Amino acid sequence: MRSGIVVTVVGALLAVSLLVPPARAQNPLVVSVWGGNWKDTVEKVVGKAFTAKTGIPVEYEVGGTIDRLAKARVAKGNPLVDLNFTTTHVARLYISDGLYEKLDMAKLPNTKEIAREALRSDFHVGSWAYVYTIVYRPDLVKEDITKWADLWKPSLKGKIAMPDFDPSHIITIAALMEGGNEVNWQKGEGRLKQLKDSVAAFYSTDAQSQDLMKTGQGPVQVMLSVNAYHLQEQGVPVKVVQPTDFPGVVGIDTMAIMAGTKKAEAAHQFINLALSKEIQTELVKALRAGPVNLGATVPASLRGQPGIFVSAAEWTERGYIMNDEARAKNLPAWREWFTANIVKK
Amino acid sequence: MKLLLLPAAAVLAVFAAALASLFRWSLLEFIPGSLQAGSLTLANFRAVLAAQYLGAIRDTVVLSALTTVCTLLGAYPVAYVLARTPSRRVRSALLVLTLAPFFTGAIVRTYAWVLVLGNTVVTWPVPMLFTERGVLVGLVHFSMPTMILILAAAISHIDPVYERAAASLGASPARVFRRVTLPLSLPGIVSGALIVFAWTLSAFPTPELLGGGKVKMIANVVKDLGLDSFNWPGAAAFAMLALALTLALLTAVGRVSAGRTP
Amino acid sequence: MILRAAVVALVAFMTLPTVVVIAVSFNPTAILSFPPAGFSLRWYENVLTYPQFQRAAVNSVVVTGGAVALALPVGTLAALALERGRLRGRSLWAAVLLSPLVVPGVAAGLGFLILAAALGLLRSRSVLIAAHVALVLPFVVRSVWVSVRNLDPALERAAASLGATPWRTFRRVTLPLLRPGLFAGLLFAVVVSLNEFVVSLFISNRVTEILPVAMFTYVVNYTDPTIAALSSLFILATFLVVWLADRYLDLGRVFLQH
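Residue numbers (my numbering), protein chains in the order written: chain S, 31 to 375; chain P, 2 to 263; chain L, 250 to 507.
Hints in this document: simulated from the structure, not taken from any laboratory.
Computed from a prediction, not measured in an experiment: that's the story for all the values here.
Yeah, the Cβ is synthetic: ideal placement off N, Cα and C, and Gly gets one too.
There's no promise every hint is true.
Claimed, not checked - These stretches of chain L come out as covered by chain S in the derived footprint (C-beta under 8 Å, 3 or more residues):
1. 274–281
2. 394–402
3. 453–467
4. 470–480
Chain S with its partners taken away, still in its complex shape (with noise of 0.2 Å):
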């Protein structure tokens, strides 16, 4: 009866789907980190030489920054992952809440190693660096862009795109200009309202953004230096700019260890072997992100690139780095003012 098999198949199906629990490996490492190109790489360069070390494997949580902490959030005190990659000042978020374990630095001498800048607290520690800066397409945008003020020019109206999820960059920018700061922010409004009729779109992924450079749709952007060299290594011509009124606004990416774990060991194992000279030089090479161990091999080709810091001056000189407290607590008023004023047609 054909029904019969039907119904037999759809039963054996939910049974299946209701009854008996996914597979899981054996007391794997579990690591929160962004997909894509971030997690290959975390995989490739510090995963597998952890795994050699300690004999521990490792698997990963891939997802966005935010819907990763929604979910480290709810599973509080029982963590589904053990070590977390996130930008530093959304740690802050995670902080906040109780969410992260106090770093023992005693299991973490690389520490030693690392630009002062990139201890952002006892509970998270740099991984790697960047820049947000401008990014353009010379042979589609006939001029020179060399600074910020640049980007109010009418002769780039509608051509500029920008992160519609965190306007924190360009607003700080802005008020830097009027003599302000992330924290009195206010003073740059009238500046960030001239740029309305400047911007083609915002884009909401790291794809999207390159998609909009490729195409030639977004030729002018406030984009994240990692993925600019990324598309220099696809054969797309883009010119990254190492602004001469402001630099660029740095980011650090950062890693810490979820409260409640059972792998503490591991994970502070995890995190000094990703801040050693050897591991920092392969990362550097691999993503194109700045080292935060001084001593990391930076290839020639890189050197003295946006985002790419090789010495204690260059950390202070060459990227703004803002108050994580200050950009946490003010990204949402941010946003909501950006949407209203800028965003809106």
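Given the coordinates of chain S, work out where chains P and L should sit on it, guided by the hints.
Chains P and L in isolation, oriented as in the chain S frame:
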């Protein structure tokens, strides 16, 4: 008979429990820069009554209504041919071509429209990408297969005898359509329209990608608040407000259309 | 005839992105360009060897299968109740049954996530399935309702008067007459569930992740035509299934009533 609703009610109860889990956040104070919420407050509701939030709800309703009308107009002819054609070949071809967009998946379809609307395939006289026009095109395209299938099923239930009878009594094809086919297919039209309207109210990937951040529908605002700003109280309050308004709208529309079906 | 021209134009509109997607999938370089700059199958190779897609595909079959298996009977019963139950708040019930469609995915996703955590179900697939049933139910109810509206109760009464039990009447008279609606409902349920990623993103992890979530994760991070290749494979499968179904079942008869 009424007991037959029980299983569906159970499913919806689970769904409601999920929504309630989020909505309880709407009464807690939002503390920027912290995951911890404050004490009980109505401030979130006051905050989402601001122009930019109400405007998003209004824009969404208008865009959804436009989408529904355009989809209806575009789907009916295809559905009619699909239901009525005597040729098996034509029917198979139409069915396959109608189903294919379904299986390209929301994300990829939207990316394809980004390409088509973005002056890389064809140059448009007016800007299409990152405008409401472009989002409308994407939304209509998204809804066409659904509307076609529902309409076709409804039209197929109409006995062609009625149409032939009207024609034999001297009615022109247009008159037959207007006085016989159209009214008899009304249940399908109402069903299809309600589904497309409701679904479009919560549309997310289409306005997100085709709108370039400039076209914000309800779902985009919820994401902005709940994710990018990590303002669960605000997102919950806004989602509740939007849901209440749209459900009221749906009930009203449903009641009006229920009154009109024969 | 105008009708024919209109239909051709409309079908062309519907098919345009499909054509673009298939064309783009053959582009040799990691750029979504149309027309493609050459011909390469490397993205198809990538799709078939990407481990996340393989695991996610299995999860999708399980979750979609479970959700559809639950939603079809539940929705059919609801449609029957709505049409024949002489309910007092019928429009309200109809709107409530439609409501999951209206809820923004992020809100539902966050809600299910919080609920799952409260119930200790974060590692289980059951929440995913429950969510999918709820999201798919409106389509099933609406589709079947159209057919229920067209059911002539006289036929069922005739069967009963000839001695058939209610269950037999249902199985041999009612259900076959509901076939167009049921088929449409099944189709919608499968398609919606196989494409659902917004809510699912929140309530799945690396082990329970379903295919649209894996595709979304990919597309957010990579800008190459891999997802176009995956979609083209889906389209090919659809063509095959529909063609086979039509050959052996005459879809027109199953799906459309004459």
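(request) State the violated hints by number, sorted upward, taking the hints as numbered earlier in the document. (result) 2
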